[in-house]
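Residue numbers (our numbering), protein chains in the order written: chain B, 1 to 387; chain X, 1 to 387; chain D, 1 to 387; chain S, 1 to 387.
Worth flagging that the hints you see were computed from the coordinates, not collected in a lab. One thing to keep in mind: the hints can contain errors.
Put simply, identical chains are the same to the list, so a pair is met inside one copy or across any two.
[Claimed, not checked] Once the Cα atoms are required to be at most 27 Å apart in a straight line, the calculated DSS-like pairs of lysine-lysine come out as:
{"hint": "1", "residue 1": "Lys54", "residue 2": "Lys220"}
{"hint": "2", "residue 1": "Lys54", "residue 2": "Lys152"}
{"hint": "3", "residue 1": "Lys272", "residue 2": "Lys220"}
{"hint": "4", "residue 1": "Lys54", "residue 2": "Lys181"}
{"hint": "5", "residue 1": "Lys181", "residue 2": "Lys220"}
{"hint": "6", "residue 1": "Lys66", "residue 2": "Lys152"}
{"hint": "7", "residue 1": "Lys66", "residue 2": "Lys183"}
{"hint": "8", "residue 1": "Lys183", "residue 2": "Lys152"}
{"hint": "9", "residue 1": "Lys272", "residue 2": "Lys66"}
There are 4 protein chains.
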Amino acid sequence: MTNLGIGLIGYAFMGAAHSQAWRSAPRFFDLPLDPAMTVLCGRNADAVQAAAGKLGWQETETDWRKLLTRDDVQVIDICTPGDSHAEIAIAALQAGKHVLCEKPLANTVAEAEAMTAAAEAARANGVRSMVGFTYRRVPAIGLARQLVAEGKLGTIRHVRAQYLQDWIADPEAPLSWRLDKEKAGSGALGDIGAHIIDLTQYITGDAITEVSGQLETFVKERPVAAEHSGLAGTAGAERGPVTVDDAAVFLARFASGALGVYEATRFATGRKNAIRIEINGSAGSLAFDFEDMNLLHYYDATEDARTAGFRRILATEAAHPYVEAWWPPGHLLGYEHGFTHQVVDLVTAIADGADPAPSFADGLRVQRVLAAVEASSASRQWQEIPE
Amino acid sequence: MTNLGIGLIGYAFMGAAHSQAWRSAPRFFDLPLDPAMTVLCGRNADAVQAAAGKLGWQETETDWRKLLTRDDVQVIDICTPGDSHAEIAIAALQAGKHVLCEKPLANTVAEAEAMTAAAEAARANGVRSMVGFTYRRVPAIGLARQLVAEGKLGTIRHVRAQYLQDWIADPEAPLSWRLDKEKAGSGALGDIGAHIIDLTQYITGDAITEVSGQLETFVKERPVAAEHSGLAGTAGAERGPVTVDDAAVFLARFASGALGVYEATRFATGRKNAIRIEINGSAGSLAFDFEDMNLLHYYDATEDARTAGFRRILATEAAHPYVEAWWPPGHLLGYEHGFTHQVVDLVTAIADGADPAPSFADGLRVQRVLAAVEASSASRQWQEIPE
Amino acid sequence: MTNLGIGLIGYAFMGAAHSQAWRSAPRFFDLPLDPAMTVLCGRNADAVQAAAGKLGWQETETDWRKLLTRDDVQVIDICTPGDSHAEIAIAALQAGKHVLCEKPLANTVAEAEAMTAAAEAARANGVRSMVGFTYRRVPAIGLARQLVAEGKLGTIRHVRAQYLQDWIADPEAPLSWRLDKEKAGSGALGDIGAHIIDLTQYITGDAITEVSGQLETFVKERPVAAEHSGLAGTAGAERGPVTVDDAAVFLARFASGALGVYEATRFATGRKNAIRIEINGSAGSLAFDFEDMNLLHYYDATEDARTAGFRRILATEAAHPYVEAWWPPGHLLGYEHGFTHQVVDLVTAIADGADPAPSFADGLRVQRVLAAVEASSASRQWQEIPE
Amino acid sequence: MTNLGIGLIGYAFMGAAHSQAWRSAPRFFDLPLDPAMTVLCGRNADAVQAAAGKLGWQETETDWRKLLTRDDVQVIDICTPGDSHAEIAIAALQAGKHVLCEKPLANTVAEAEAMTAAAEAARANGVRSMVGFTYRRVPAIGLARQLVAEGKLGTIRHVRAQYLQDWIADPEAPLSWRLDKEKAGSGALGDIGAHIIDLTQYITGDAITEVSGQLETFVKERPVAAEHSGLAGTAGAERGPVTVDDAAVFLARFASGALGVYEATRFATGRKNAIRIEINGSAGSLAFDFEDMNLLHYYDATEDARTAGFRRILATEAAHPYVEAWWPPGHLLGYEHGFTHQVVDLVTAIADGADPAPSFADGLRVQRVLAAVEASSASRQWQEIPE
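Chain B on its own, in the form it takes in the complex (with noise of 0.2 Å):
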């Protein structure tokens, strides 16, 4: 079976979460090419040689721009923060590899333009590109997306989303990347707000058309942590000012009618990695919750009323998207798992020489709805967002 090499940048969190995907996805799925972990790309020679060892990659880089010269390299995988998606991504496309590039796709529109737009352009040479909105390929949500798509739910009337979690609630927990403009380019709205946007509008397959909403940074200044990588640290007496929102609600409208209201925030107490999602139509309903991630609640309107009720799917059977190749019915799936359906579709796609889906396109119109809603907050008025 033919190599694809692998060059992954960065190593933190999600570097992690791919590096397991990468090793993980042959041993459960047959792919049609043999992923390669080849190299890993990090700024300081140690820590990334370090990394290496760990997570198992067979060589090191401390500059990107090394891997794109590399013949052994096929794949850039981007795991670092959103300030540098743009030049890395289109410089990978340009040089002929095809990219896998970790959300949100960019920090602002215009580069979001840019990356799509050398997506479209690498795309006319076989080159493909994927963005990582890696909770799609959770089985229950691919379940979520069948159903609508088979019509069980008739007409959408509403999406009701919130993604919660609680990290910052204390106002002692130190500033990281994560709550630096500059670096992240927004905070709970790009960080976690983009997922649940970009999860509505695959499960409907619909489009939001506009928003109205609002951004709020509850704790303004927050101890300086000694290092800034993670999600952790360690609080001094120094204090800067987190340049992010903390939380951001907003109202949507979608293209067919529907009404939506979503919210995402690092200051629901209790909450951990709260993603729900519900979903009302006229002949059904859907919700899901990924703190029990394995199921899908679906709701059947056109059953006798005296035995509807909302079933709770347990998304284990082999009939569920992914979980064939792994375990038994109720044997669980759990966070990680999402990242290696995506390296399957990812290989398979190459392999076909089809367009994997998150394109950069879709990563743009989620950049455009995160754009609009930081527009809407400001403008105190409904935003359009631009087709």
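Let chain B serve as the given structure and place chains X, D and S on it in line with the hints.
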């Protein structure tokens, strides 16, 4: 409309619940007879007077035998401890009064047999009798029985039932009449175990034929309460023996071959009134928990594996038993509504000249299972239920 | 004990609920006055006569003005559609009658202001008034307010509230007075949205200061029902316009800075009466769903991370609001109990010469939020709530 | 770092799970030795070759005895059916190889005794042995054990445990080796009942001393599958006898006096892998369900009644067992992670010269309970567990 005079004996917890039922039933249901809250009976003249005023009874008596001679009383409603059930019920039936008797029917099989014989004899004269297994009349339970009767579960394989409470988990909880074998007959077994025996036989339409059980009294001595009349009390320095079981567990075999597992306890810390029943059949399953008493969970195994799942049926639709008389969907019923439904069914049966269920014979059948569990606990062997 | 004569106007859904409350309250609670179910009022003589017999009222009237002149009536209980609230309530107050008025207080802010002024004027004469936001009196809700008031949640950051029903999700569900702006004032917004506005302000002790909202009528025309008096009806060939909203969504800002997200809809297929409220504070969170109305979920963020978790509090302990009067722990209360508690609080306030809550001024505050949501939907901008 | 050569025997369901564990453990945990996936063993040369390629093993063998002579293999990992456990494990231990043996330890008590004796003998030479009760290493289960060990539950009163599956509820599900007593030893009892016996003894730190049980084979004959090697198969016309139990139920008494109720079945329609454990003590309770495996429910009875309630602990905090090595809070772990934790603990014990748990003696103790349940089912009496 013809009056139906009620004489209620006992005015503690059960007396209050029955009073609310007699009061509410005609306000929500179209009854064929008009129940009159004629007379409340209790041994202490002052206390019964006060209770009658509070609970809404027109008159009082201190000797239950007086009720049997009153022409304005057609129904004797027995809410006393189990040790007086047989005497009162048999006398009432012989006096031509319809009888509603709280569960368990009696404290011994012999008493229950005599009561059943008396009920049979009275029946020939058009006198009706009923035992108060009220939980049968929770809408979700009624629905469960319907689904089994319709064959939706196929062949029943498993019955698992628990009645979990914790009100004496604290060793300093005081003695009450419910912990006194003379008064109560048994402890958790007869008080709450009786309910799950009745409910599971009712829902499945099947009969337990043999059991292997064990009783346990975890706390052998307790403070003597100032008063013995209720669930609560004030602990003093004096201690007395607990003469009933704190918990009862048993395996059961049904006539159909289904396997049952039962547990009744007052020591399940944190469980307040958790009547949990799960039934697995070849074609489907049902699950119920009284702590969410408006819900029935139903799994249809004949559905497509992709969308099969336990349905959370909110049994508040007009299509569900008894519900049409109450509120719109989603407006929950509570504990006391079962008693109201019991009144509806009893009054209807009296008017129709029909036998209400559960009959004293049904109560006797439960009593025989209780006795077999006790015998098995002593013999450490399986014990058959005589037919 | 002194009698307190009640005159109830209206005998549909709300009338039945209020009747059960007047009947039950003195049977479970020690009231300082003895409510008499004196007179039921409705325009159709035969229908009101039948209803009075069914619901247990002593006499009937067909003209509500007659009630105001009766010496045996001290309380006017208004259960009519919103378009008559103002006229009746103001006249009653001026006649020196205490008033309990169903929510929403009125169909317009102007009416609500006039009613509030009348209530203020009457108050000087010892006349009491109260608006019927009954859900405040669900024990779990009362507990929620206590916990917030005790500071257990710290600084409130997020309020998210949904009132989800589905009774007109079917486009063929017929017109009723609730879909007629003349009668009902608004649709989901005023009927159910009013409840979550009131509940969240009540629980948090905070006030909404501005909103950005959107109303939607998904189904513009519906079959004309044979009768317009209830939730259900029979569809005919004729169709008429729906003049109220099917759904209302809005963002809100509280005086404290907390962010609110609200949604009220009659199109949430599978949700029957789901009043869902979640409140996140710096020190803890609360969650409630009326479809499990006896439960409150509470997260204490000050606990050890190892054992912290949302607590499923079964609000049926004697320590919980109103519960001591009812049943032992784990014996659930239902929808109608809130109405009984409302009667208890009103009668107690009247006897004590105290002001019951929620006052007409509280109702006016809710009305102003409703009006601001409507205005915002039209202007597509944020709208402030006048103080 | 020193290599630790692994030889895995068997490559079906369990072999795949163990392979993923050997592969992942060093990527997330800091292991003191470096496990090498040296050799995979199976009887069919082609099949084992294919499996080795798929699962990532360097070499293959078709005779397990060869593994015992290889210097590059230090650990024998036994994933074969139970009938070969004793022979392989004893030979491996005698050859000085550390042994990880899948559960149940053996098919008979005699075999398990011989294995335990062999483990004891080998231990003197620094050779380690461990039985694969993997569920002990689910973080929520580890937390449960900690809480009990810390006394948070007080005196344990009740243990109730169910292992519910439904994969042969359909009478047409084909025969597999798991339904053949020669291969599997027993059915639901040994396959899944063994897990809940081990888990409850592990969590409570207590031992079952006597049991009263019943086994049942609901479906006596089934279609002969084309292949016998997995859970699934293709039904043919030929039928063969089911020689193991479909379900096992039993009561148990613990050394402490606690009462246990157990149920293991493959006929609980709709339950896929529901390992449900609830433990009630005088000071608190715990509840767990593997279908929500990241959750532990904990009730603290010493809390104020007003706010006491089962806490839904999402066991994904760094403070929870094993979790720190994985993802941020709320990012769930799955079924396979328990196997990875097992590898971590085994490798650590080998490096430390310590005895890993659960030992073969622990496995023997479970085997004796299994045997006592079988004996009790035959004798219809309680059966003591020999010490």
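Original post:
Where does the structure disagree with the numbered hints, that is, which hint numbers, in rising order?
Top reply: 1, 2, 4, 6, 8, 9
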